[in-house]
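Visitor: One line per chain: the protein sequences are L and Y, in this order. Residue numbering for the first sequence is 1 to 131, as defined by our numbering. Residue numbering for the second sequence is 132 to 974, as defined by our numbering.
Some hints could be false.
[Unchecked claim] The calculated SDA-like cross-link candidates involving lysine to any residue, where the alpha carbons are at most 25 Å apart (straight line), are:
#1 Y/Lys648 / L/Arg64
#2 Y/Lys648 / L/Asp16
#3 L/Lys85 / Y/Val647
#4 Y/Lys518 / L/Gly94
#5 Y/Lys402 / Y/Lys518
#6 Y/Lys648 / L/Arg37
#7 L/Lys85 / Y/Ser670
#8 Y/Lys648 / L/Thr84
#9 Y/Lys518 / L/Lys85
Keep in mind the hints are simulated off the structure, nothing from the lab.
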Amino acid sequence: MPSDVLERPAVDTADDRVFVMLTVAEQICGVPVETVRDILGEQVITRIPLAPAEIAGSLNLRGRIVTAVDLRRRLRLPPAPEGTKPMSVVAEHGGELYALLVDQVSEVLSLRSDAFEHNPATLEPAWAAFS
Amino acid sequence: MDDLLVDFLTETNESLAELDVALVTLERTPDDESTLSFIFRLVHTIKGTCGFLGLPRLERVAHAGENVLGKIRDKALVVTPDIVSQILMALDRIKTIVGHLGSAGTEPAGDDADLIALLNATATGVPSGVPSGIPSGQHAEPERIEDRATPQTAADPPSASNAVQTIRVTVDVLEDLMTLVSELVLTRNQLLQLARTQENSAFAVPLQRLSHITSDLQEGVMKTRMQPIGNAWNKLPRLVRDLSHEMGKKIELVMLGAETELDRQVLELIKDPLTHMVRNSGDHGLETPAERRAAGKPETGRVTLTALHEGGYIIIEIADDGRGLAVDRIRAKAVSNGLATEAELAGMTDEQILRFIFRAGFSTASTITAVSGRGVGMDVVKTNIEKIGGTIDLKNRPGHGTTFTIKIPLTLAIVSALIVEAGGERFAIPQLSVVELVRAQRDADGLSESVIERINGTPVLRLRNRLLPLVGLSDLLALGKSASSDLGTTIVVAQVGSNLLGIIVDRVFDTEEIVVKPVAPILRHVTMFSGNTILGDGSVIMILDPNGIARATGVGAGGESRPGAAAPAETVQSEDKTTVLLFRANAGQKMAVPLGLVARLEDIPRDRIETSCGTPVTQYRGRLMPLVPISGVYDATLACQPVLVFADRDRTMGLMVDAITDVVDDRLVIELSAAQPGLLGSAVIRGEATDVIDTGYWLTQAARDWFDGAALPGESVRVRRLLIVDDNAFFRQLLVPTLSAAGYHVTAAASAADALQMRDAGALFDAIISDIDMPDMDGLSFARAVRASGPWARLPMVALTARAEPLDIERGHEAGFTEYVTKSRRDALVSALRACLTERVAA
C-alpha cells in the first residue's frame with residue numbers, strides 16, 4: 001500500500017517537501033511527489049473478481065498493468081455519489097504501480113518539513129496506519 | 132568446422148582486436164606492466180590453444196611473439212617502436228592465418244621462417260633493424276583501424292564473416308528487447324482490432340505487413356533468448372565427478388540433446404532443480420559398486436540426461452540405472468512423517484505412494500549426506516517446475532532405476548489464449564489447457580443433445596455418454612447472474628491434470644496471443660488467476676488458471692493423485708474417492724450409486740410411462756426401456772418420474788427413484804453388507820449412512836438375461852488385492868463395488884497393456900481377473916505374458932468372459948488362467964476367487 005503521507009523520518013532537516021494534493025470525500029490528503037508517476041483522468045478499469053474490496057480493478061497505463069485502489073473504500077469513506085468521475089494518482093510502491101482513485105487532484109504544494117505535525121492521537125486506526 | 136574451432140576463431144578475433152589496442156598503449160607507455168602482462172597473457176592463450184587444436188603454423192608464430200614479449204616482461208628488452216612493430220607483424224600474420232582458418236577450416240600453406248627468425252633475433256637481443264617492406268608502427272595504426280572497420284583487408288575477406296558470426300550482447304539488452312517486442316505485439320493486436328471494424332481501410336495492407344514483420348521480429352527476438360540446455364548442464368560433469376569421489380561410487384554421466392534450445396528465463400529457472408535431481412540420482416538412486424556387482428549390474432552406474440522438443444514443450448529426462456525407489460520405505464516414511472495414514476496408503480497404487488517424494492517434508496535418505504538431504508527436497512523441485520507451468524513425473528522400475536520426466540514450456544513470455552466472457556467481464560484461458568468447446572442449452576426442451584442438467588443445483592453435462600462436472604464461471608467468481616442465461620451457453624472443456632472440467636461461460640470470442648504478466652502482489656492469494664495481460668483493444672484482462680479453478684471446486688483435488696502423464700492407465704481404486712450419485716427411494720431412504728455406472732438421468736413424464744407385460748416401460752430414444760421401481764411398487768401419482776438410466780452396449784434400463792439429490796466425491800467404502808437383495812450395503816457418504824445399490828441386481832430385474840445370477844451378498848474375507856483387467860468401463864465400474872463389498876481391494880485396468888505397465892511399475896496383487904475379448908492384447912496373450920516372467924508369474928488368474936464353450940475354457944487354462952468364469956455368473960466369480968486364493972494360502 002502506498003502511503004498517503006509518507007511517514008516522516010524521526011530526524012529531518014528543515015528542507016521543503018513537495019506533495020501532490022488530492023481530495024477524497026472532501027478530505028484533503030497529500031502524496032509525496034517523488035512517488036507519483038502519473039495523474040490520469042477517468043480510466044477504463046477492469047474489475048478483478050474475488051479481489052479485496054478496496055481493489056477497484058486494474059487499468060492499462062501505456063502497456064503497464066496498474067492495480068487501482070479505491071481510496072474511499074480503503075479509508076472507509078462513503079462511496080462516491082453516482083456519476084462522479086474519479087481521477088487516478090499513479091504511485092509506485094515496491095516496484096509495482098498502483099492507481100489511487102480519488103475525487104480530485106488539485107495542486108502541487110511545497111511544504112516545510114518543520115511544519116509537519118504528527119497524527120492526532122485520536123485518529124481512527126484505519127487512518128493512522130496510512131498517515 | 133567443429134565447434135571448438137569456431138569458438139577459438141571467435142575468441143582469437145576478439146583477442147587480436149584487443150591486442151592491437153594494447154600494443155599501441157604499450158608503445159606509448161613502455162613501463163606499464165599491467166598492459167604488458169595483459170598482452171603477454173593474450174598471446175600466450177592464443178599459443179596454448181593453437182597447440183591444443185593442432186595448428187602448428189599459428190603456434191610457431193605466436194610462440195615467437197610470446198618469446199619477445201617474455202623478454203620484455205623480464206626486462207631483458209626495452210620496448211621500442213621497432214619491437215612493437217615486429218609484434219604487430221606477428222599479429223598480422225596470425226590474423227592472416229586465422230582468416231584462412233575461418234574460410235577454409237585449415238591453416239594456409241606457407242612459411243613464417245623469416246618472421247620467426249626476426250622475432251627470435253629480437254628476443255635473443257641481436258639488434259636488427261626493421262627490414263624494408265615491413266610496416267613501421269606508424270603504418271600499422273591506420274591499417275589497424277581499417278582492420279576494425281572491416282576486420283580484414285581485401286586479401287582476407289572471409290575473416291570478416293567470422294567476426295560478425297557472433298557478438299556478445301548483455302542479457303539486459305535482450306530482456307529489454309523482449310519487453311519492447313511484447314509491447315509491440317500488443318500494439319499490433321490493438322491496431323488489428325481497430326482495423327477489423329473498418330472495412331476497406333487504406334491502412335489494411337500496410338497493417339498486414341506490419342503484422343507479419345512484428346511476428347517475424349517476435350520470433351527473431353525469441354530466438355536470441357534461446358540457449359542450448361547444455362548451458363544449464365555444464366556444471367554437472369564436475370558435480371558428478373565430485374559426487375562419485377565423495378560417495379565412493381562409480382558414476383557415468385551421459386548427456387543427450389544438450390543442443391536443445393529453450394528460453395533463457397526458463398533455463399535459469401530449471402538449472403537448480405536439475406542440479407538437485409542429478410545429485411539425487413547419484414546419491415540416492417545409484418548403488419555402491421559392490422551392491423551393483425551383487426545385483427549383476429556393471430559397477431559403473433549411469434545417470435542419463437536427455438532433452439528434446441515436443442510440441443511447444445521441452446522434455447527433460449533424468450534417468451539412473453540404480454536400485455529404484457523403495458516403495459515400502461516411502462510408505463513407512465509417509466506414515467512416520469504424518470503425511471498419510473496406513474489406511475489411506477493401503478488404498479493407493481504404488482505410483483501414488485511414489486508421489487509422496489514430491490511432498491513437503493519428505494526425504495528418504497535415512498542418513499543426511501553432505502551431498503543431498505539439505506532440507507531441500509523434491510518438493511522444492513516440483514514447486515519450482517510447476518511455477519513455470521511445467522510438470523514432473525516419475526517412473527520407477529525397482530532394481531532397474533528411476534526416471535524423472537520434466538515437461539516445461541519453451542517460453543513463458545507469450546502464450547495463446549482463448550478469450551471468454553462471463554458475468555459481463557472478459558477472461559483469458561490459456562489455450563494449452565482447453566480441450567474443446569461445447570455449445571449447450573441451459574435447461575432446455577430435452578431435444579438437444581447437450582443440455583446442462585442440474586443435480587441438486589450442481590450443473591453437469593452429458594458429453595459422449597460421460598458426465599462432465601461443470602462450474603459456472605460467473606458463479607465461481609461471484610460475478611452475479613449472467614445476462615444471457617436463458618439462451619445457449621458455451622462450455623470450455625479444460626484439462627486439469629487427468630481430469631476434465633467444464634467451465635460455463637457466456638460467450639467465447641477468439642484466441643489471441645497474450646503476454647503473460649504477473650498479477651500485483653496484493654492479488655496473489657486469488658489462485659483462480661495465473662496472471663493478467665493487455666488485450667488488443669487496450670483493456671486489461673485476467674488470465675484464468677484452470678488448475679486453480681479445479682482446486683477451488685474440488686475437481687482432482689491436489690496434484691498428488693494425478694496419474695503419470697506417461698502412463699495414462701485408467702485405474703479405479705476402491706478406496707479412492709469415487710463420484711457418487713445420491714438419490715432417495717424407498718420412502719426417503721438415502722441411496723447411492725457410483726456415477727460412472729449411470730448413463731443418463733431422466734425425468735420421464737407420467738403419461739409417457741406405459742405398461743408392457745405387467746411392468747412399466749417407456750419409449751426411450753425410439754426403443755422400449757424397461758423401468759424398475761426400486762421400492763418395488765410403481766407410484767403412479769408423480770407427475771414426473773426421476774429415472775436413473777443404466778446402459779450397456781445397446782441395452783438400457785431405467786431405475787425409478789423418488790428424487791435425485793446430489794453428486795458427491797467421497798470414498799465408497801461399504802461398511803455393512805446388506806441382507807436385502809438389491810443393496811450392496813451401507814457406506815458413510817458425506818457423514819451420513821447411505822445404502823449403496825447393487826446395480827447388477829437391478830439390471831437383472833429389468834432383463835433376466837442381463838446376467839443370469841443373482842447378486843452376491845458381500846462377505847468379509849481377509850483383505851486381498853485384486854486386479855481387474857477389462858476394456859469395458861461398464862464392467863469395471865460394476866465389478867469394483869461388487870468385489871469391494873466382498874472385502875477385496877480392487878484396482879482396475881482398462882487394457883492388458885495398462886496392467887502390464889502396473890506390473891513393471893511394481894504393483895502387487897493377490898489375484899488377477901481378466902476379460903478374454905479385449906482389443907490389442909486379448910486375455911489369453913495377457914495371461915501368457917503374465918505367466919512368462921515377472922512378479923505376477925505365479926498369481927492366480929481368473930478369466931471372465933462371455934464365451935464359455937469347453938474349447939474356450941481349455942484354451943484359457945492352456946494360456947495360464949487358473950479359473951474360467953462367465954460374465955453373467957458373478958457369484959461364481961467370487962467363489963472362484965475364494966477358491967484360488969485359499970489354495971494359494973494352503974500351497
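Visitor: So, for every hint listed, does it hold in this structure?
Guide: Hint check:
In summary, the hint linking Y/Lys648 to L/Arg64 is supported, as the alpha carbons are separated by about 9 Å, within the 25 Å threshold. For the proposed pair Y/Lys648 and L/Asp16, the alpha carbon gap of about 38 Å is over 25 Å, so the pair is violated. The straight-line distance between the Cα atoms of L/Lys85 and Y/Val647 is roughly 30 Å, outside the 25 Å bound, and the hint therefore fails. For a cut-off of 25 Å, the pair hint linking Y/Lys518 to L/Gly94 stands: about 22 Å separates their Cα positions.
For the given pair, Y/Lys402 sits about 14 Å from Y/Lys518 by alpha-carbon distance, which is consistent with the 25 Å threshold. Of the pairs offered as hints, the one joining Y/Lys648 and L/Arg37 holds, with about 20 Å between alpha carbons and a cut-off of 25 Å not exceeded. Using a Cα cut-off of 25 Å, the hinted pair L/Lys85 and Y/Ser670 holds, with the two alpha carbons roughly 18 Å apart. Between Y/Lys648 and L/Thr84, the direct Cα distance comes to roughly 31 Å. Violation of the 25 Å bound is thereby established for this hinted pair.
A hinted pair counts as satisfied when its Cα atoms are at most 25 Å apart, and Y/Lys518 with L/Lys85 does not qualify at roughly 39 Å.
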